[in-house]
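*Asks:* Chains as they are written, first to last, in the numbering used here: chain A, 1 to 54; chain B, 1001 to 1245.
Hints should not be assumed to be uniformly reliable.
[As the list claims (entries may be wrong)] Calculated pairs, EDC-like style, for lysine to aspartate or glutamate (alpha carbon to alpha carbon, straight line, at most 16 Å):
(1) B:K1088 / B:E1233
(2) B:K1117 / B:D1053
(3) A:K40 / B:D1127
(4) B:K1117 / B:D1127
(5) A:K40 / B:E1241
(6) B:K1088 / B:D1152
Please keep in mind that the hints were generated in silico from the structure rather than gathered at the bench.
Now for the letters of each chain:
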Amino acid sequence: MSHFFAMGGYARYLWPSYGVTLLAVVANIIWARGLLRRAKTEARRRLDMQGESP
Amino acid sequence: MTWTWFHRLGSPPYIYRLAGRLTPWFGWIAAVLLLGALFDGLVLAPPDYQQGDGFRIIYVHVPTAWLSLMIYTWMAVAAAVGLIWRIKVAHAAAAACAPIGASFTAVALVTGMLFGKPMWGAYWVWDPRLTSELLLLFLYLGYMGLRASFDDLQRADRASAVLAIVGIVNVPIVHFSVIWWNSLHQGSSLSLTGKDTIATPMLIPLLLSMLGFTLYFLAVVLVRLRGEVLRRERAASWIGEVVAP
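Model the full assembly from the supplied sequences, consistent with the hints where possible.
*Replies:* So this is what it looks like as structure tokens:
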């Protein structure tokens, strides 16, 4: 197992490159979902305001 | 030949619902492909005869670099469609592409630096490939900055579309830089026209990873697209149905 993580001596370059990729993959999912959630909240708020004062 | 499909693609409620239905498909298939690529690339593929296990960085470096160019191309095409035919959904799609493209351009640069240090002895050299990829990052950031500088969405759409279209000239420069100039960066391992210069057991995880990242991009961009469409269509009656709690 430690042989696997050592990656033939390239561990200090290989794992950070996989790490930064994983970070971007996860961050983009969270970021996109947050954007959609905020857009929905905003749209709902606008509709409510229109409903109160037609 | 009927053009109804084209008109439907310009319809915000149609796009919103279609994007919502497609996202889980793209997302889950991408997850399976990427997990497969991870196992195949890190465990099954044999070490390279020159680069040892270090070559395995290509399984994250090449797909993210591919995304950086593919996303920019999509962004410029969507921006051009929006500008020429005045289709709001197209502008929304272009805007949805930019942050994803920018982040994966940054990842391609960082993984490239981590690849360059053990193979070339330097994190960074002012090489044509590296320099043009850095310019690509600045184009994305410029596009996003320009959009953010307008309060009016329509003006932001039009001004940023022009920048996106002008910047497309950099895409072939990045791609062909290793051929046109004497670059330290190695040439492409994949070829649509000739023979791939990579052994099959190393190639399969690379193709899995590239396909996985492409589908992942589609899933994420469709989520962003729905958000962008909602921002542009706040007054439309169909919004009430889709945002009902």
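*Asks:* All the hints need checking, so say for each whether the structure fits it.
*Replies:* Okay, the hints, checked on the actual structure:
1. B:K1088 / B:E1233: holds (9 Å)
2. B:K1117 / B:D1053: holds (14 Å)
3. A:K40 / B:D1127: violated (45 Å)
4. B:K1117 / B:D1127: OK: K1117 (chain B) and D1127 (chain B) at ~14 Å, within 16 Å.
5. A:K40 / B:E1241: Status holds; Cα separation ~11 Å.
6. B:K1088 / B:D1152: holds (13 Å)
Comparing the model with each numbered hint stated earlier shows that hint 3 is the single one that does not hold.
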